[in-house]
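Chemist: Below are the chains, spelled out letter by letter.
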Amino acid sequence: MITAEESRKITLNGVWKQNPGVVQILGMCPTLAMTSTVVNGVSLGVATALVMLVSGMAVASLRQYVPNELRNPVYILIIAALVTVLDLLMNAYLRDLYLVLGIFIPLITTNCIVLARAEAFASKNGVLQSGLDGLMMGIGATVVLAVLGAAREVLGKGTLFAGLDLVLGPQAAHWILHIVPPEYNYQFLLAILPPGAFIGFGFLVAGKAWLDKRASAPEASCATGHAKG
Amino acid sequence: MKAMISNGVRGAGILAAFTVVFTALMAGAYSLTREIVLKNEEQARTQLIAQTLPAGSYDNNLLADTRLLSAEDSRRLGNDKPASIYLAKKGGKTVAAVLEAVAPDGYAGKIQLLVAVAANGNVLGVRVVTQQETPGLGDYIDAAKSNWIRQFEGKSLASPEVERWKVRKDGGVFDSNAGATISPRAVVGAVKRTLEYVVVNRTTIFE
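Heads up: the sequence lines are chains Y and L, in that order. Position 181 of the first sequence, counted from 1, bears residue number 181 in full-length UniProt numbering, the numbering being contiguous throughout. Position 112 of the second sequence, counted from 1, bears residue number 112 in full-length UniProt numbering, the numbering being contiguous throughout.
What the hints contain is simulated information worked out from the structure, not anything from laboratory work. Don't be surprised by glycine CBs; every beta carbon is placed ideally from N, CA and C. One or more of the hints may lead you astray.
[Claimed, not checked] Beyond 12 angstroms from chain Y on every Cβ pair, some chain L residues (computed): (1) Gln51; (2) Ala178; (3) Ile205.
[Said to hold, decoys possible] If you want the footprint, here are the derived chain L segments under chain Y, 3+ residues with CB under 8 angstroms: (4) 20-29; (5) 32-45; (6) 67-81; (7) 112-122.
[Said to hold, decoys possible] Pairwise CB distance ranges (calculated): (8) Cys112/Y x Gln47/L: 16 to 24 angstroms; (9) Gly207/Y x Gly121/L: 20 to 28 angstroms; (10) Ala116/Y x Ala55/L: 51 to 59 angstroms; (11) Ser159/L x Trp210/Y: 58 to 66 angstroms.
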């Protein structure tokens, strides 16, 4: 079973403290490749979170049958099989979204955050804890994908939520926000191209580090003040 | 030594067991979804073919009036596999043909296209069937992402003249986005080749 305290800790770790994107810096390939728009980033993030939820639970429930020296090949096998199943199911039942995410679904297999959580968490913890950890780590990654995608989309194309209609159906085409009116034909290529992803990602990592520093700073200054006083 | 061998055999057995179980899982998912995927693809194909033709310009079932091209003709249109040609008829007369063409020189592999050509040699419409161009960059060739592909409508090998069937950057008439010219260049080339094929084979297609 899982206690409230445990689940609070796992959630905080996944989404903030040990955020896979900006703290562990794992899974950079999809982070950089799929964040040209918010919709692309979030869609891939949600798919990754789903895979991590299921793979965490699968690894945790099978861990007692996996000899220590064989855990890597077995975990990769489990993750790859689950991604393949997700790929097939999405192709059958969520075809529009599948067409958007395209080649990036199979790439979830190679996202090292999935294997890293199997190895570091699911191989040592219970089924529920591991499922929650996978889901929260996936959500943490999704948040990073969403922020980076939003920044690049606004800077690069002057829009937000472009492509939402591909996920939610044609009526969602009206929900696209034009930060820059479409008639200006605004485009800033650097933000859309890979260098923009690296630069934006660098700012996110630095921003998270700065927030952490600031959060711990008051205690530190308080301590020195006390010493002086 | 004996312990090491038995340990290795045990490990191999466990690995094999996991492989069998998860392969079965994947095979199960595959057979469960196969029918739906095939149906989805056929439905998408029918809709896509219909999009390349003006509404009401034909009155037949396109998937029923389909011919398979010879291996050589298919290759000329860029296809590895035998390509189909769908004939649009009105009152029993062939008014347009929709051809499967492939642009082999996309940025990320092949771009499969459907090109509808009227009996007078004008392009009626072009649609991308599958592409793997960079999301958000080269994928504007897809009608779902932008109107770029519609600029072929009404064009023929006579207008613009053959040597101007290029993207603007190469001295032609077709627009492309700055920084993403490889994908549109590939599509323009494939549409041009399709028109050339139709011009040569006009009588066999339309009569």
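Chemist: So which of the earlier hints does this model not fit?
Modeler: 2, 6, 7, 8, 9
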